[in-house]
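Q: Given chain G, work out where chains R, X, D and B should sit, using these hints.
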Amino acid sequence: MTVTYSRCVADAGLGTFSRLLLRWKGSIYKLLYRELILFTVLYCFFSWLYRFVLNEQQKRQFENLSMYCDRYAELIPVSFVLGFYVTLVVSRWWGQFESVPWPDRLAALVGAHVRGVDESALLTRRTLMRYANLSGALIYRSVSTAVYKRFPTMEHLVQAGLMTQEELRHLEDLPSPHNKFWVPCMWFVNLALRARTEGRINNDVALTAILAELNSLRTKCMKLYGYDWISLPLVYTQVVTVAVYSFFLACLIGRQFLDPAQGYPGHDQDFYLPVFTLLQFFFYVGWLKVAEQLINPFGEDDDDFETNWLVDRNLQVSLLSVDEMYDSLPVVERDKYWN
Amino acid sequence: MTVTYSRCVADAGLGTFSRLLLRWKGSIYKLLYRELILFTVLYCFFSWLYRFVLNEQQKRQFENLSMYCDRYAELIPVSFVLGFYVTLVVSRWWGQFESVPWPDRLAALVGAHVRGVDESALLTRRTLMRYANLSGALIYRSVSTAVYKRFPTMEHLVQAGLMTQEELRHLEDLPSPHNKFWVPCMWFVNLALRARTEGRINNDVALTAILAELNSLRTKCMKLYGYDWISLPLVYTQVVTVAVYSFFLACLIGRQFLDPAQGYPGHDQDFYLPVFTLLQFFFYVGWLKVAEQLINPFGEDDDDFETNWLVDRNLQVSLLSVDEMYDSLPVVERDKYWN
Amino acid sequence: MTVTYSRCVADAGLGTFSRLLLRWKGSIYKLLYRELILFTVLYCFFSWLYRFVLNEQQKRQFENLSMYCDRYAELIPVSFVLGFYVTLVVSRWWGQFESVPWPDRLAALVGAHVRGVDESALLTRRTLMRYANLSGALIYRSVSTAVYKRFPTMEHLVQAGLMTQEELRHLEDLPSPHNKFWVPCMWFVNLALRARTEGRINNDVALTAILAELNSLRTKCMKLYGYDWISLPLVYTQVVTVAVYSFFLACLIGRQFLDPAQGYPGHDQDFYLPVFTLLQFFFYVGWLKVAEQLINPFGEDDDDFETNWLVDRNLQVSLLSVDEMYDSLPVVERDKYWN
Amino acid sequence: MTVTYSRCVADAGLGTFSRLLLRWKGSIYKLLYRELILFTVLYCFFSWLYRFVLNEQQKRQFENLSMYCDRYAELIPVSFVLGFYVTLVVSRWWGQFESVPWPDRLAALVGAHVRGVDESALLTRRTLMRYANLSGALIYRSVSTAVYKRFPTMEHLVQAGLMTQEELRHLEDLPSPHNKFWVPCMWFVNLALRARTEGRINNDVALTAILAELNSLRTKCMKLYGYDWISLPLVYTQVVTVAVYSFFLACLIGRQFLDPAQGYPGHDQDFYLPVFTLLQFFFYVGWLKVAEQLINPFGEDDDDFETNWLVDRNLQVSLLSVDEMYDSLPVVERDKYWN
Amino acid sequence: MTVTYSRCVADAGLGTFSRLLLRWKGSIYKLLYRELILFTVLYCFFSWLYRFVLNEQQKRQFENLSMYCDRYAELIPVSFVLGFYVTLVVSRWWGQFESVPWPDRLAALVGAHVRGVDESALLTRRTLMRYANLSGALIYRSVSTAVYKRFPTMEHLVQAGLMTQEELRHLEDLPSPHNKFWVPCMWFVNLALRARTEGRINNDVALTAILAELNSLRTKCMKLYGYDWISLPLVYTQVVTVAVYSFFLACLIGRQFLDPAQGYPGHDQDFYLPVFTLLQFFFYVGWLKVAEQLINPFGEDDDDFETNWLVDRNLQVSLLSVDEMYDSLPVVERDKYWN
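Chains as they are written, first to last, in the working numbering: chain G, 1 to 339; chain R, 1 to 339; chain X, 1 to 339; chain D, 1 to 339; chain B, 1 to 339.
One chain only, chain G, in its complex shape (with noise of 0.2 Å):
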């Protein structure tokens, strides 16, 4: 369910980016407002406190108290960590959407290259690309939420023709506790070999092409796995969050108003709710938000890959393209600037 707004940014205009202020599926209200409300109604409690339970000696230690919170708030760089932290997120992110197999160069060589017009010819294309869909099927469901909810088993992944009542016995049957998702890559190989022996791939560069995607293929799956297995440090994560939530924290007591008749510098007015304050938690926990959504982009939230959707997409490209579209051309004829 990714959030696409490309199209109504194409134009820089008056307030272009203004209009992506009102959206909300995706937004970072939808993601925040319940941190913001909690926010909210801390201060206010902490607030209540200050005005009417306390009394005055106590009154002046919460002040005492704020004002130390205030100043020394001001230590935590938030912001220098937020900015390095996010921009590594935002790249792992792109570097795992890079990492998404996509069989369709595989199917072009496939289609070229597997000749034959007879069942058993269109049976091994068939069969090879779905072998190439299944590998990537298999990573999904270790590395994304969404898929695994689609396909809880691996009966599962034969019920939506990913695979045979067969392959998954001979699967299961491999003993080897590693995920399997490359034992499909090595049926797709002893497949293609049979095809290059039976004659239909007709000579050894065309085979070797085909296996050559079949690994970067292959390649791709791996990285998704290594995404998925080393995460971002968890230190890394932990101290991010602590700077932000305790920067936070010492704000709920730090940004009170105080009395203004106590004349504490800077507090000459009381405005009752910190706008400023609740715009830099939109703004840190904001960022902060960015990041919780990106760091794993194959969940289930707003902005997260489709993954279900792409093991469709490929597996209907992938079989069209080397059964409906096998040798299927349009007739050639003169285009329009034929001279």
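Since the hints were made in silico from the structure, they are not lab data. Bear in mind that the values here come from a model prediction, so they are computed numbers and not experimental data. Keep in mind that the hints are not guaranteed to be accurate.
Because identical chains share one entry, a pair is satisfied inside a single copy or across any pair of copies.
[As the list claims (entries may be wrong)] Below, simulated DSS-like cross-link-like pairs (lysine-lysine); rule was C-alpha separation at most 25 Å, straight line:
| # | residue 1 | residue 2 |
| --- | --- | --- |
| 1 | Lys30 | Lys59 |
| 2 | Lys336 | Lys180 |
| 3 | Lys220 | Lys180 |
| 4 | Lys180 | Lys149 |
| 5 | Lys149 | Lys30 |
A: Just chains R, X, D and B, lined up with the frame of chain G:
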């Protein structure tokens, strides 16, 4: 209508960049003047309100509010978040330019390996290149508003000579809901295979090289598609926009010149127009405009990629390469440095 | 023992990252608690000294010193240098992960192109893959302390089944003082050539593809070796460390709560424990810990790459690929979408 | 006339970089002295105005204005935007250097695969390399002012021996409005194909390798063309320039030494020349100069790439490689370590 | 003499990096102690001047100057420009390491494809590898002062066994003023072609693979040459150096302890030695030293790449690979996991 100014800045002299300040087309002034006028008008409105409408007590409250806004507006780290965000947008922008598919390399291979001077060979070469261009045009239609306006329906592509009626019918008959830019690629593959069978392409290495080149073109198309599909997360854009806008909303009040007679620190002179706030506006909103303009470089901004020009140039150059230029060679003679 | 937490952060909800704060394994608390205790103890020592040991005049001097430290500690741009340094370390860390050699691609090619079901062919395939794994293991021994502990001598590699006694003898007989991880690669080359001569590999394109794949594996090994050999310049690490440490040495004195009775600005309340300085410590030293942990990801930290697991997984998967999986294929049958 | 100083900084000793401060060619002084003089003169003009021309009341106003400028000039985040902008320019600059086409690799392949020692074979080899160089020269003419000055018309390319009259005529006859740098590439392709047909290139793998190499040369040419065509968005450059210039306009007034007798804070001493403002000018405008110089490295700045040298070097080396060096080999004898 | 410390930081424990602080070789202390002593001496000189030489009125002026310097020194954004500059230098430094040519991959291909056990075949293989190494050595001579000192004349290369007298004569006879590192590459090409003609290389795919590998080695050589030729623009280095130096010049005066009796704010205590200014010096100049050391990693700094070791290692490993290791293989026997 890309704005190219490389030539003006070839040599660094006295104020090289100052020459660029006087341009209008693609300039910051053109992009920004509306926002700047709006901001100035709003500022003057508040100024007028403060000076002529409010009574004395309201003035004191306004002054308090103004100083509060001024102090806390500084808390919003606009420059920080803009720096990181714009850097990100710029790197995506260049990534998109590098994904633009140029069929030149493919034309060289088709011109080299698809042999024959009869009409059928010529037809094959021209059609192959037309397919490659058509694939690019289909992608452009889906990512570029400029190209979409030029070819609002597929029929327009036929009229422009990029495809034939027959091909359009084939394309529409294909039962798939997904973007069909890959279909001409499959036609290319099938036509290349036919050329191989007929012996026009006389060896398998050449065929594989051609298909590899086609696949790398296709990969570029998919990258463009990916950039369009997976926008920068909406959340990030919203956070940045809210930061910049709320900063200047606070400035509207916080940067008013307060009555010098009240003796507020830093308010001992009344200059009526806050030059530096306008400069800051110019500067920060200008920086945001860079992002607004680059986030989708396939629109019709002054500085967007000229995709329509690309469509024409690529079609012409590829047809020239495989038609007029086929086997055409000036007389090979001794060069000037011969022994 | 990599700490994987992708699954916990798949969806961004209310305080997604807050869930991560309660982990212990691989956490910042586990890494930092000793330093934090040390710092607190030292702080309390100075506090005790100031409050109970010093006489009045010494107290005044201490107060002067304290305020001096506080003012100038701010001059050390800790966050700046940490931001750049950690970004550098993180990019090297990921570069190292991307250089980890996975023999999967090679296994696919060996399984495809080295034909034959007799024992000799099987032996060739298994040995080829064993050589590739051995080469990786030799590199791991030299870059990873975890692997080194598992294989303290070459004899252990023999016992683990990665090499034979005969091979060890050959390896040790080779007169070269340099790291010999490349020797099994040359054996691989020689064995592949023998397989080509004997016709098990039946064409030159396949042989070249296999050798190219081996070479890219070898390149990854050399990259790991390079990362290990060329550390980040010691100077940079020292500068960063000195900056952080000296900042907190200054804080030990500069952040003491001074006697409120003396009326120093900003010292009107005594909270005994400087919560914000501890937070700052947690934060800056935690950031440094990220660097300490990532600078060599082949150690035994909670978050380091599991090289020993890699050695086992790679050996098993490559042997499976070329042995059990050789020419093994489930029955090819019509898939669900067969029209 | 690139300024190379690697050798001076090979070893880090006492003030290694200080040695570089005394250079004039390509130095910051040479680039900046005019701006610095201009700024100083303007500063002195305002200083003279304030001290000798204005009456007392005007002086007070000037002082107010000056302090206003001083306070608000700080609001412009010059260093921030310069840091990000210059980093961007530097990365494009290096990207441009990496896109410079070197025909060495192609020369090696042409020298290897186009066999024969008769004049016709030699002619083929030389002409092939001349075409590759011509293609580069055509691109340089369109991106580099230095090369354009050397070859203002195509006729000059003929005179320089890069093309023949006949080729010029062919080039001009081709009906296309677009840059024709790709035409010699097509001639190369056609000549290579002829060589293949005539048997001078005796296998298809070699031919494909040569064409692939040519295509990667061509890609580099197109990258240079792209860098030239798609400048950094004008908007960004203008924003940065306006930021720097307006900052120093504000400094002209804001950094004046005000009459110490008036007792303004921070104005208790009159040093006449604001050394630190000049340093700041030197520093910020110098940083901007880095961008001005690198934004188009194909001009005639001291530090620009020596494109004319490249044209000559590449032509000579490629002709040498395929002519004198063809099949030339010193006697192959036992090396020193032969045992 | 690269300083490798990966092993010491394999595990993050209590103050992992603190262990590195005690090293001398390649350390910041070794690089910096001269500058630090110089700075301290100068500081003491000014201190002595102020305390003992100046009369009362001059003291007052010095104090004014000092406070002026202190206030404005802050205006120089040293940390900002250093952060960006050092990041740039570090990325070039690693880019240079990645361009170091390792002939291992080429040796594998030569060992694989150049067949034969007679002396002539052996001679061919050894000579091919020697040429590849010679090409690297010629580049090192021109980029690395360490290698240049070892081989001040070409004659030294002959003595070191990298080339023969005959080859030197050929090299010197070639009429070209440009760097001739590419000449041995052409010899390689010619010798490889001869081996192909004589049938030692028995197929065209292998030949093409070998030439492709040679070309990628050559590309790395050219990259090293490019890094050496195109230094970071002198302007950038000068701007950074001037910023750092002028900052500390200002500190020499601005950070003097002024007479507490005068009651200047922030000058109520005299500590004689400005510990924090020295720390700042240590820190900023140390950061600059990182750049000084990395800007040319082919010198003789403690932390530079050991190019001489590389020359030796590469020659030995490549000769071993194609000579002793040619067709050498331990007995192929069943591995431990053979079912």
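Q: Against the structure, test the hints numbered earlier, and report the numbers of the ones violated in rising order.
A: Of the numbered hints, just 1 does not hold.
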